[in-house]
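Student: Since the structure of chain A is already known, use the hints to place chain B with the ligands on it.
These protein sequence lines map, in sequence, to chains A and B.
Using UniProt numbering, you'd call the opening residue of the first sequence number 1 and step up by one each time.
Using UniProt numbering, you'd call the opening residue of the second sequence number 1 and step up by one each time.
By construction, these hints were calculated from the structure, which means they are not laboratory data.
Treat the numbers as computed from the prediction; the structure is a model and nothing was measured.
Among the hints, erroneous ones may be present.
[As the list claims (entries may be wrong)] Here are the simulated DSBU-like cross-link-like pairs (lysine-lysine), alpha carbons at most 30 Å apart as the crow flies: (1) K11(B) - K58(A); (2) K55(B) - K85(A); (3) K17(A) - K162(A); (4) K39(A) - K157(B); (5) K17(A) - K39(A); (6) K11(B) - K55(B); (7) K17(A) - K58(A); (8) K168(A) - K85(A); (9) K162(A) - K58(A); (10) K58(A) - K55(B); (11) K55(B) - K162(A); (12) K85(A) - K162(A); (13) K58(A) - K168(A).
[Stated by the list, open to error] Facing chain B, according to a computed beta carbon distance under 7 Å, are these residues of chain A, among others: (14) D5; (15) P9; (16) Q32.
No residue lacks a Cβ here, since even glycine has one placed at the ideal position from N, Cα and C.
What follows is each chain in one-letter form.
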Amino acid sequence: MYAFDIERPTTVADAVKLLVASEENQPLSGGQTLIPTLKQRLASPETLISLTGIDEIKGICEDDSGRICIGAATTHAEVASGAGKYPALAALASHIGDPAVRNRGTIGGSLANNDPSACYPAAALGSGAVIVTNSRDIAADDYFQGMFTTALEPGEIITEVKFPVPQKAAYMKFEQPASRFALVGVFVAQYEGGVRVAVTGASEEGVFRWSEAEAALSSDFSASALEGLSLPGDGMISDMHGSGDYRAHLVAVMTRRAVTAAG
Amino acid sequence: MPQVSMTVNGKPATGQIEGRTLLVDFIRETLNLTGTHVGCDTSQCGACVVHVNGKAVKSCTMFAAEAEGADVLTIEGVAAPDGTLDTVQQAFHEHHGLQCGFCTPGMVMSAKALLAENPTPTEAEIRDYLEGNICRCTGYHNIVKAIMAASGQDVSKIAAE
Ligand SMILES: Cc1cc2nc3c(=O)[nH]c(=O)nc-3n(C[C@H](O)[C@H](O)[C@H](O)COP(=O)(O)OP(=O)(O)OC[C@H]3O[C@@H](n4cnc5c(N)ncnc54)[C@H](O)[C@@H]3O)c2cc1C
Ligand code: FES
Ligand code: FES
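One chain only, chain A, in its complex shape (with noise of 0.2 Å):
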């Protein structure tokens, strides 16, 4: 690793000034991806801003809309036991990496990565969330903009997410056992307005919603709906875990599978 400072604000007012006071400075929430990056010197911060000092982004509460919201610098493990209102992204949460994984990682953390075969982006583009930062709410339709790229401008933080709480839902992985991350990962959502589709692993443009399934869905939610529906393998991530065709023919297995699972 470079050399670099830390700094471990106690309020998120104190945190963004931190944050803008260089160009080269970045906000630390739980390492579980910036650290390794650290490691192999892809990043070169002059200052970490650590969040995980400002209690006020830490923890899960109920909106007076009935949404789960969910403060940026909470744990996957907190997710996993405290989302119980929502269990399809409690589950989600619960299965991210392994358990020490799960007790640094944070919400706001995935989210701002937006790695493409992360789990939370499929959540929070399938549950239609509302991604809040230090200065305005970003509709997840608009936050996800390509591979690790976000509507994030620089020196924001992510604050708090609020997920409105389906009838049903579920999220079916396809785990990459060396890396566990999702080779394929969707995530479905019956909504009273209707149902939503998030894919993520697959996509070389990052997470997506599958809008053919989520129309098919939406007249009729179950598996058989899919029949006849599938993805191209063109724009899908081709490496050494599987071609593109293979996860396009993934998306359509799991999206049956978190189909059925929803029940």
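Tutor: Structure of chain B with the ligands alone, referenced to chain A:
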């Protein structure tokens, strides 16, 4: 250089650190507690697992600065002061839960975290919990068996001696 203070194995520990000093480096190099191992550079092997405020974490993937004020338990703090092994350590010993021993500190710390959360885990739950602890020697079987035994469960049904 900034200073960090924490409690390690029940004793106060203070030292000078850099921003980039990992908790594992503070434990091994400043405190000379070399039981906690480093087996990888990618946060995947779990040889470095310690408890921070009662939770299992990879000490190679946490900065020492982040442990300011924390209560840290390493493998050195697990046995009784007179050297008597704790239940999990004793079970690893009895059931041959180690060969080269490199992964063992992390395995024991993860096993203790599991049993604190779930005192009588099933075999599947143990295997699932150890997902982030890699062992290149044992094939895991005797590790799983040792943890079953440490939780007071019958291990005779687990095949392969
Ligand atoms: C062995 C292993 C297995 C894993 N398996 C999975 C898996 O199966 N599924 C999965 O989804 N993930 C997995 N992960 C990644 C893990 O979930 C990370 O915790 C997560 O991606 C990043 O969260 P973090 O809190 O650790 O963020 P950090 O590593 O601290 O930060 C990540 C990035 O986000 C920025 N950032 C952090 N917080 C904020 C914020 N609030 N506002 C703005 N920017 C911010 C940082 O500057 C950095 O660029 C795994 C990681 C490891 C090490
Ligand atoms: S040394 Fe491998 S996970 Fe920490
Ligand atoms: S006993 Fe050798 S790595 Fe586990």
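Student: Next, verify each hint and record whether it holds.
Tutor: Do the hints match the structure? See the list:
1. For the given pair, K11(B) sits about 29 Å from K58(A) by alpha-carbon distance, which is consistent with the 30 Å threshold.
2. A hinted pair counts as satisfied when its Cα atoms are at most 30 Å apart, and K55(B) with K85(A) qualifies at roughly 24 Å.
3. Of the supplied pair hints, the one linking K17(A) and K162(A) holds, its CA atoms being roughly 25 Å apart against a limit of 30 Å.
4. Of the supplied pair hints, the one linking K39(A) and K157(B) is violated, its CA atoms being roughly 44 Å apart against a limit of 30 Å.
5. For the proposed pair K17(A) and K39(A), the alpha carbon gap of about 26 Å is at most 30 Å, so the pair holds.
6. A threshold of 30 Å between alpha carbons decides the hint, and for K11(B) with K55(B) the separation of about 18 Å falls inside it, so the pair holds.
7. At roughly 19 Å between alpha-carbon atoms, K17(A) and K58(A) fall within 30 Å of each other, so this suggested pair holds.
8. At most 30 Å may separate the alpha-carbon atoms for a hinted pair to count; K168(A) and K85(A) meet this at roughly 12 Å.
9. The suggested pairing of K162(A) with K58(A) holds, with an alpha-carbon distance near 13 Å, which does not exceed 30 Å.
10. Restraint check for K58(A) and K55(B): the C-alpha separation of about 17 Å stays at or below 30 Å, so the hint holds.
11. A threshold of 30 Å between alpha carbons decides the hint, and for K55(B) with K162(A) the separation of about 27 Å falls inside it, so the pair holds.
12. Of the supplied pair hints, the one linking K85(A) and K162(A) holds, its CA atoms being roughly 13 Å apart against a limit of 30 Å.
13. Restraint check: the Cα-Cα separation between K58(A) and K168(A) comes to about 26 Å, which is no more than 30 Å; the hinted pair holds.
14. Checking D5(A) against chain B by beta carbon gives a least distance of about 4 Å; that is within 7 Å, so the hint holds.
15. The criterion of a C-beta within 7 Å of any C-beta in chain B is not met by P9(A), whose closest approach is roughly 13 Å, and the hint is violated.
16. The closest approach between the C-beta of Q32(A) and any C-beta of chain B is roughly 6 Å, which is under the 7 Å cut-off, so the hint is satisfied.
Hints 4 and 15 from the earlier list are contradicted by this structure; the remaining hints agree with it.
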